[in-house]
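Make a model of the complete structure from these sequences and hints.
The listed protein sequences correspond, in order, to chains A and B. Counting from 1, position 35 in the first sequence corresponds to residue 35 in my numbering; the numbering is continuous, with no gaps. Counting from 1, position 329 in the second sequence corresponds to residue 329 in my numbering; the numbering is continuous, with no gaps.
Do not take every clue at face value.
Derived lysine to aspartate or glutamate pairs resembling EDC-like cross-links, with alpha carbons at most 16 Å apart [as the list claims (entries may be wrong)]:
{"hint": "1", "chain 1": "B", "residue 1": "Lys172", "chain 2": "A", "residue 2": "Glu48"}
{"hint": "2", "chain 1": "B", "residue 1": "Lys172", "chain 2": "A", "residue 2": "Asp73"}
{"hint": "3", "chain 1": "A", "residue 1": "Lys34", "chain 2": "B", "residue 2": "Asp100"}
{"hint": "4", "chain 1": "B", "residue 1": "Lys172", "chain 2": "B", "residue 2": "Asp107"}
{"hint": "5", "chain 1": "B", "residue 1": "Lys112", "chain 2": "B", "residue 2": "Asp100"}
{"hint": "6", "chain 1": "B", "residue 1": "Lys172", "chain 2": "A", "residue 2": "Asp42"}
{"hint": "7", "chain 1": "B", "residue 1": "Lys172", "chain 2": "B", "residue 2": "Asp100"}
{"hint": "8", "chain 1": "A", "residue 1": "Lys30", "chain 2": "B", "residue 2": "Asp107"}
{"hint": "9", "chain 1": "B", "residue 1": "Lys172", "chain 2": "A", "residue 2": "Asp75"}
{"hint": "10", "chain 1": "A", "residue 1": "Lys38", "chain 2": "A", "residue 2": "Glu48"}
If you want the footprint, here are the derived chain A segments under chain B, 3+ residues with CB under 8 Å [claimed, not checked]:
{"hint": "11", "segment": "27-35"}
{"hint": "12", "segment": "40-47"}
{"hint": "13", "segment": "65-73"}
{"hint": "14", "segment": "82-93"}
Simulated from the structure, these hints should not be mistaken for lab results. These numbers were taken from a predicted model, which means no experiment stands behind them. We treat Cβ as the ideally placed atom computed from N, Cα and C, and that holds for glycine.
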Amino acid sequence: MSLTPEMTALALAVVVVPIIVSMLLAVAHKFSPKTYGKYTNDNYECGEVTTGDFQAPLPLQYLFFIIAFIIFDVDFLLLLPWAGDVKALGAGAFMNVVLFIAILLFGFVYAVRKGYMRWADVG
Amino acid sequence: MDLFYFILSILYGILKFLHINFIPFNWGGYPVGEWIAWAIVGLVEVIIVFALSMLLVVILVYVFRKYMADLQNRIGPNRVGPWGSLQLIADVFKLIQKQDLIPSRADRIAFKLAPYIVFTPVALGFVLIPFGNISILNLMVLNFPYTVLFLIAFMIISPLGEIIGGLSSHNKFSLYGALRSAAQDIGYEVPMMISVISVIILAGSYSANSIVYAQRNIPFIIPEVLGFFVFFFAMIAKQSIPPFDLPESGSELVSGYSTEYSGMRYGIFYMANFGFMALTSFVVATLYLGGWEGPFPFIPGLFWLLIKAAIFMVIFLLSWIALGRVRIDQFLNLGWKYLLPLSIINLLISAGLALTVGGWF
Numbered sequence: 001m002s003l004t005p006e007m008t009a010l011a012l013a014v015v016v017v018p019i020i021v022s023m024l025l026a027v028a029h030k031f032s033p034k035t036y037g038k039y040t041n042d043n044y045e046c047g048e049v050t051t052g053d054f055q056a057p058l059p060l061q062y063l064f065f066i067i068a069f070i071i072f073d074v075d076f077l078l079l080l081p082w083a084g085d086v087k088a089l090g091a092g093a094f095m096n097v098v099l100f101i102a103i104l105l106f107g108f109v110y111a112v113r114k115g116y117m118r119w120a121d122v123g
Numbered sequence: 001m002d003l004f005y006f007i008l009s010i011l012y013g014i015l016k017f018l019h020i021n022f023i024p025f026n027w028g029g030y031p032v033g034e035w036i037a038w039a040i041v042g043l044v045e046v047i048i049v050f051a052l053s054m055l056l057v058v059i060l061v062y063v064f065r066k067y068m069a070d071l072q073n074r075i076g077p078n079r080v081g082p083w084g085s086l087q088l089i090a091d092v093f094k095l096i097q098k099q100d101l102i103p104s105r106a107d108r109i110a111f112k113l114a115p116y117i118v119f120t121p122v123a124l125g126f127v128l129i130p131f132g133n134i135s136i137l138n139l140m141v142l143n144f145p146y147t148v149l150f151l152i153a154f155m156i157i158s159p160l161g162e163i164i165g166g167l168s169s170h171n172k173f174s175l176y177g178a179l180r181s182a183a184q185d186i187g188y189e190v191p192m193m194i195s196v197i198s199v200i201i202l203a204g205s206y207s208a209n210s211i212v213y214a215q216r217n218i219p220f221i222i223p224e225v226l227g228f229f230v231f232f233f234a235m236i237a238k239q240s241i242p243p244f245d246l247p248e249s250g251s252e253l254v255s256g257y258s259t260e261y262s263g264m265r266y267g268i269f270y271m272a273n274f275g276f277m278a279l280t281s282f283v284v285a286t287l288y289l290g291g292w293e294g295p296f297p298f299i300p301g302l303f304w305l306l307i308k309a310a311i312f313m314v315i316f317l318l319s320w321i322a323l324g325r326v327r328i329d330q331f332l333n334l335g336w337k338y339l340l341p342l343s344i345i346n347l348l349i350s351a352g353l354a355l356t357v358g359g360w361f
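Okay, structure coming up:
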C-alpha cells in the first residue's frame with residue numbers, strides 16, 4: 001500500500017476534525033455557567049444522592065462471547081486478501097476456505113452444544 | 001473544469017506566490033511539491049464534505065422530530081423559524097449555555113476523550129463514500145483502492161468511544177450501558193464483516209467506487225439478499241436504535257453510556273448518533289443498492305444516491321419510533337445463532353457465484 005496524497009489528506013483530517021470539535025467544546029466551556037454546590041460534581045443517579053460503589057460483577061458468560069468474537073474476528077480478517085481476488089485464485093483456494101470455515105464452525109457448534117454461547121438461562 | 005483541479009491550481013498559485021520551492025523528489029509516485037498541494041486539496045474537500053454532512057445531520061434531526069411528532073399525534077417543533085426548522089440551531093445555542101459538568105469520580109482524560117472517538121470516525125466516514133459521477137463536481141472525495149476497509153474500520157472504531165465514555169464515567173448506569181454496548185458490538189460485528197467480505201468477493205475490489213461500478217447491471221441486493229438482511233440488522237444495531245437500543249435503553253439505564261454527559265459533550269454524542277444514521281444509510285445504499293448508479297445518464301448520480309439513502313433513513317426512523325426493545329440475551333442469540341450462520345452461507349454463495357458466473361458482475 002503506497003502512500004498517496006489522498007491517504008495523507010485522510011490522515012490530516014483525522015487531526016483536523018478533533019480540532020474542530022475541541023473548538024466547539026471550548027466555545028461551550030467559555031459560555032457555560034460555573035456554579036458549584038455541594039453535590040454538583042456527584043454522579044447522576046436519578047436525582048438522589050449518590051450511594052455505593054460503581055463497580056459491578058461481570059457474568060462469566062461475557063468472557064465466552066468475547067473469546068468467540070476474537071477468534072471469529074481474526075479468522076475472518078484472514079479471508080480479506082482472498083476476497084479481493086476470488087476469480088483468479090480459483091476453485092482450489094475456495095475449497096481451502098470452505099475447510100477453514102468448517103474448522104471454525106465445528107468449534108462454534110461445539111460451544112453452542114455445550115451451552116457456552118448462552119447469556120442467561122432464560123433464552 | 002473539475003473542482004479538484006480548480007482548488008489545486010489556486011493552492012498551487014498560493015504556494016508559488018509565497019516562494020515555497022518544491023523539492024524535486026518522488027514519494028509515493030508523486031513529486032513532493034504536487035504531493036503536498038494534492039494533500040491540502042484533499043483536506044479542503046474533506047472539510048467541505050464534513051460541513052455538508054453536518055448540514056445533512058441537522059436536516060435529519062428536524063425530519064426525525066417532525067416525523068416522530070406526526071406519528072405520535074403531536075405537532076413537533078413549530079416556534080423557531082418557519083415550521084420550526086431552526087429548532088436545532090436554537091438547541092445548539094442552548095447546549096452551549098449549559099454547564100460543563102464532569103463528575104468528580106470520573107476518569108477525566110478518558111471521559112473527555114470519548115466524544116472525540118465517537119464523533120471523528122463518523123465525520124470521516126462520509127468522506128469515503130462515492131457520492132457521484134459528475135465530472136464538474138468530482139464528489140468522490142477520497143478515491144484510493146482500500147476505501148471500504150477504511151469505511152468499515154471507522155464504523156467499528158466509533159462504538160469504542162461509547163464504551164470508553166461509559167466505563168470512565170464511573171457511574172452504575174453508564175457501566176452497565178458500556179458493558180451492554182460491548183456485548184452488542186461483538187454480537188453483530190462478525191456477521192457485518194462477513195457480509196462486507198461477500199460484497200468484496202462479488203465486486204473483486206476493496207474500493208467503494210469499484211463496488212458501485214460492479215453493480216451497473218445487477219445491484220448486489222439480488223445475488224446477496226441474505227447478506228443484505230444481515231448487514232441491515234447489523235446497521236440497526238450499530239446505531240443502537242430500537243429494537244436494538246440496549247446500550248442506552250431509557251427506561252432501564254438512565255441513558256446508558258451518555259448518562260454523565262451534559263451540555264455540548266452530549267451534543268456531540270447526539271450529532272454522532274444522527275450522523276451514524278445518515279452514514280449507515282449511505283453505506284447500505286452503496287454496498288447493496290448500486291450507490292450512484294441510476295437508469296438515466298443525464299440525471300446526476302448524487303440524486304440517485306440520496307434517494308436510495310433516504311429510503312433507508314426513513315426505515316431507520318420508523319424502526320426507532322415504532323418498535324419495542326428486545327432483551328440482551330435475545331439480541332445475542334440473534335447475532336450469534338442466526339446472523340452468523342446466515343452470513344457464512346451468504347459468503348459461500350457469493351464465492352460460488354464469483355467463480356461460476358463472475359463475468360456478470
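Any hints from earlier that this structure breaks? Give me their numbers in increasing order, please.
Hints 2, 7, 8 and 9 are the ones this structure does not satisfy, whereas the remaining hints hold.
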